[in-house]
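Number of protein chains: 2
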Amino acid sequence: MSDSIVDIAKAARAASLVLSQATLEERNGALDAIAGALRANADSIMKANARDLAAASKANLAMPLVKRLKVDADKVDEIVTGVQSVRQQSDPLGETLKATELDEGLRLYRVSVPIGVIGVIFESRPDALVQIATLCLKSGNAALLKGGSEALETNRVLAKLILDATKGMPGIPEGWMHLMEAREEVRALLDLHDDVDLIIPRGGNDLVQYIMDNTKIVVMGHADGICHVYVDAAAELAKAMKVCVDAKVQYPAVCNAAETILVHRDVAVALLPELVAKLQSQGVEVRGDEGVRAVVSEDVVPATEADWATEYLDLIVSIRVVDGLDQAVDHINRYGSHHTDAILTEDATVANRFLRAVDSASVVHNASTRFADGFRYGLGAEVGISTNRLHSRGPVGLDGLVIYKYVLLGDGQVAGDYVGPSARPFLHRPLDSSWNPDR
Amino acid sequence: MSDSIVDIAKAARAASLVLSQATLEERNGALDAIAGALRANADSIMKANARDLAAASKANLAMPLVKRLKVDADKVDEIVTGVQSVRQQSDPLGETLKATELDEGLRLYRVSVPIGVIGVIFESRPDALVQIATLCLKSGNAALLKGGSEALETNRVLAKLILDATKGMPGIPEGWMHLMEAREEVRALLDLHDDVDLIIPRGGNDLVQYIMDNTKIVVMGHADGICHVYVDAAAELAKAMKVCVDAKVQYPAVCNAAETILVHRDVAVALLPELVAKLQSQGVEVRGDEGVRAVVSEDVVPATEADWATEYLDLIVSIRVVDGLDQAVDHINRYGSHHTDAILTEDATVANRFLRAVDSASVVHNASTRFADGFRYGLGAEVGISTNRLHSRGPVGLDGLVIYKYVLLGDGQVAGDYVGPSARPFLHRPLDSSWNPDR
Numbered sequence: 189m190s191d192s193i194v195d196i197a198k199a200a201r202a203a204s205l206v207l208s209q210a211t212l213e214e215r216n217g218a219l220d221a222i223a224g225a226l227r228a229n230a231d232s233i234m235k236a237n238a239r240d241l242a243a244a245s246k247a248n249l250a251m252p253l254v255k256r257l258k259v260d261a262d263k264v265d266e267i268v269t270g271v272q273s274v275r276q277q278s279d280p281l282g283e284t285l286k287a288t289e290l291d292e293g294l295r296l297y298r299v300s301v302p303i304g305v306i307g308v309i310f311e312s313r314p315d316a317l318v319q320i321a322t323l324c325l326k327s328g329n330a331a332l333l334k335g336g337s338e339a340l341e342t343n344r345v346l347a348k349l350i351l352d353a354t355k356g357m358p359g360i361p362e363g364w365m366h367l368m369e370a371r372e373e374v375r376a377l378l379d380l381h382d383d384v385d386l387i388i389p390r391g392g393n394d395l396v397q398y399i400m401d402n403t404k405i406v407v408m409g410h411a412d413g414i415c416h417v418y419v420d421a422a423a424e425l426a427k428a429m430k431v432c433v434d435a436k437v438q439y440p441a442v443c444n445a446a447e448t449i450l451v452h453r454d455v456a457v458a459l460l461p462e463l464v465a466k467l468q469s470q471g472v473e474v475r476g477d478e479g480v481r482a483v484v485s486e487d488v489v490p491a492t493e494a495d496w497a498t499e500y501l502d503l504i505v506s507i508r509v510v511d512g513l514d515q516a517v518d519h520i521n522r523y524g525s526h527h528t529d530a531i532l533t534e535d536a537t538v539a540n541r542f543l544r545a546v547d548s549a550s551v552v553h554n555a556s557t558r559f560a561d562g563f564r565y566g567l568g569a570e571v572g573i574s575t576n577r578l579h580s581r582g583p584v585g586l587d588g589l590v591i592y593k594y595v596l597l598g599d600g601q602v603a604g605d606y607v608g609p610s611a612r613p614f615l616h617r618p619l620d621s622s623w624n625p626d627r
Numbered sequence: 189m190s191d192s193i194v195d196i197a198k199a200a201r202a203a204s205l206v207l208s209q210a211t212l213e214e215r216n217g218a219l220d221a222i223a224g225a226l227r228a229n230a231d232s233i234m235k236a237n238a239r240d241l242a243a244a245s246k247a248n249l250a251m252p253l254v255k256r257l258k259v260d261a262d263k264v265d266e267i268v269t270g271v272q273s274v275r276q277q278s279d280p281l282g283e284t285l286k287a288t289e290l291d292e293g294l295r296l297y298r299v300s301v302p303i304g305v306i307g308v309i310f311e312s313r314p315d316a317l318v319q320i321a322t323l324c325l326k327s328g329n330a331a332l333l334k335g336g337s338e339a340l341e342t343n344r345v346l347a348k349l350i351l352d353a354t355k356g357m358p359g360i361p362e363g364w365m366h367l368m369e370a371r372e373e374v375r376a377l378l379d380l381h382d383d384v385d386l387i388i389p390r391g392g393n394d395l396v397q398y399i400m401d402n403t404k405i406v407v408m409g410h411a412d413g414i415c416h417v418y419v420d421a422a423a424e425l426a427k428a429m430k431v432c433v434d435a436k437v438q439y440p441a442v443c444n445a446a447e448t449i450l451v452h453r454d455v456a457v458a459l460l461p462e463l464v465a466k467l468q469s470q471g472v473e474v475r476g477d478e479g480v481r482a483v484v485s486e487d488v489v490p491a492t493e494a495d496w497a498t499e500y501l502d503l504i505v506s507i508r509v510v511d512g513l514d515q516a517v518d519h520i521n522r523y524g525s526h527h528t529d530a531i532l533t534e535d536a537t538v539a540n541r542f543l544r545a546v547d548s549a550s551v552v553h554n555a556s557t558r559f560a561d562g563f564r565y566g567l568g569a570e571v572g573i574s575t576n577r578l579h580s581r582g583p584v585g586l587d588g589l590v591i592y593k594y595v596l597l598g599d600g601q602v603a604g605d606y607v608g609p610s611a612r613p614f615l616h617r618p619l620d621s622s623w624n625p626d627r
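Protein chains in written order, with this note's numbering: chain A, 189 to 627; chain B, 189 to 627.
These aren't lab readings, by the way, just hints derived from the structure by calculation. Treat the hints loosely; a few may be bogus.
Note that identical chains are pooled: a pair holds if it fits in a single copy or bridges any two copies.
[Stated by the list, open to error] Computed cross-link-like contacts, BS3-like style, restricted to lysine-lysine with a CA-CA straight-line distance of at most 30 Å: (1) Lys404 to Lys198; (2) Lys348 to Lys258; (3) Lys430 to Lys286; (4) Lys286 to Lys427; (5) Lys430 to Lys466.
Chain A with its partners taken away, still in its complex shape (with noise of 0.2 Å):
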């Protein structure tokens, strides 16, 4: 099995390289034709899908997680919407990000190109096979997908519709995308770092956490989303209150749905009994530290350290009373995650504190956490959130799948002109032009 994925892989550093010469209209042209085969095989889409649901409902999986594997005709537009609008993205690639002109004559351009081979796994959800595939294929790069075995049936028809429409087009290598199916698989290629780049892990936090612990390949995303809102002294209450009960309860099970609730002493009193009750009304457990208990004790269990550092995904909010910015940003950098934290103030100079000293991917003021999304941040399609300190930052678009490389065009020159007593001098003057591959 592992000799069988080190081949793949290094099939796919092959096929990499032929899809990386794939123009615009290649690469448009192949995710037409997916789009035109999903639409076209909606019926055994479904069908495969059925026996998932079958086989989840025997296994009594978890009522959320049958929801996400669901896939009915709506569901199917939506897919094909998605693969749609992928398509209608400006070319990732090819793109002129830095021109220097060192010498007459002697012009460097610093152009976009993928990244190589990407390994994606991800849990449930077989939209997500179709997203990251056609995102790694208008960005050039091939996939190595993982699903997850109660999405098998699914994934495996997704797998071969995919692979059979894009077969044999123009720019088009085989090979450029391939399924895995069984777990030894996952295991062997987190050990093939030189011929897969990137891992993006799309699942909850034991599967990217595993996966981190697991490979010296790169891995582009987020473990946990603990997520804060800082109401400060200088905060305007009716808007804090707005923006915590949304970044709470709008859409709890997701990574940018705050977890945490700190409040500046002085606002307290003014802004803590209408919040609790706002939030418990709509069905959030609230814990709270003793600040928290001593103006509002009515069913606020007393929060301990590990709530401080646990991600709930759920409709529960630890609140904690703070002695002012120094101790809310002390408190997010030390038990956050560095993914999406926000402050509330009408203080502008406070405001700027805060989103200097926080060391997230989103800093965020007088908004809520749950704009940390590719699609609102205005990225088009979404890779995933990072919270990797390299590379790419919070939410990721096509932007994440490429990389650059240097083009040098000359006359004949050579490094021994440039140096010793009568080195010629260089001019590394910026230039407006870019490079033309078609000139």
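With chain A held as given, fit chain B onto it using these hints.
Chain B alone, transformed into the frame defined by chain A:
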């Protein structure tokens, strides 16, 4: 020992949060203080270096290592000039890389920030310590440094001068830099992926490979530099000759020197006799495949499979005759290290196919591979040369030491208003403005 490096790394993380807030004036002030301290203490640096040199002589250290180890008055001047040049660089931090109006009054900025904590492991050259420490300081990153044991005394003095000079300066926290002295500390450091964000190795292949094999932290650098020059059928032969000789001979011990020359069959007879003679006259040992030896056999050693995968770093070159562009590209993508590869041709179409298809950090048309270097590329101070496919590729300047955060500024917006049947639409309009944290 490994306990203490754990604590030191945690202190570095804390320091990095403070240093990330230092203004450009504060960071430049610290760089001025460092330059001044190094200049004023040139004698004590040279005295410490003399002790290292004496130990090196006792230990019969190889001459090239001794040469790199030596710090005389000129070298101190050079080091100080290097610090001043880092100081002159424009601020890599706080730059607005992208700005989007999500909706009326809801603006999103992507702003450059430091990465965090950077571990740097380098050999021999004590000037590397100063260069890396000052690059980290300029970019707001904390630095954990480990030099070669042969430079222990010199490194110790340099690190102390830097720390003493910056101690208590406004904006500069204690613990922003630390010099490790024991090898076991490096071993322990490689495990600290929570508190160290990036490892930069500066040294020989063995060091870099060891580090890459023994850490899950991202390593930015290159192990090998197996660079190629391909002389196409449409090459201007005088130009090709000059570039081949420069790429091999001008400084053979560096990573961007050519190791293999590929020659199109159609110009083999016209080029090879003169090229081989020219290389041999400059002391280069030539190893050739059958095709080469069919044209020139005198003093041309047969090249073996191992030669194509060898970085000589010396006056040795392997030459292969190829049937054309495709074979050249295949050879380079197979045996090369994705570092820097050049084509010599007057045919623009062939050149562009090469530049697109060769999967290397730098691809070069009609110029020497030796230009692939941060200074020559106009990046200013150089962090290193990366063959990674994420974050930074090729010569890396200060911009390789930064990442970005998203800053979202609103006026109480909540996500709930943007979903459902009466959802507000997003504008997603590009903005011209930059985020001003002092508004």
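Exercise. Are the CA atoms of Lys348 and Lys258 at most 30 Å apart within a copy, between copies, both, or neither?
Worked result: within (19 Å within a copy, 63 Å between copies)
Problem set entry | Same-copy or cross-copy closeness of Lys430 to Lys466 [CA-CA at most 30 Å] | Within. Shortest intra-copy distance 10 Å satisfies the 30 Å Cα cut-off; inter-copy 78 Å does not.
For this session: Measure nothing new, just compare the shortest in-copy and cross-copy C-alpha distances for Lys286 and Lys427 to 30 Å and report within, between, both or neither.
Result: between (42 Å within a copy, 27 Å between copies)
Exercise. When no copy is specified for Lys430 and Lys286, does a C-alpha distance of 30 Å or less occur within a copy, between copies, both, or neither?
Worked result: between (43 Å within a copy, 28 Å between copies)
Exercise. Is it within, between, both or neither when you check Lys404 against Lys198 at 30 Å Cα-Cα?
Worked result: Intra 18 Å, inter 22 Å, cutoff 30 Å: intra and inter.
When held up to the earlier numbered hints, the structure conflicts with none and fits them all.
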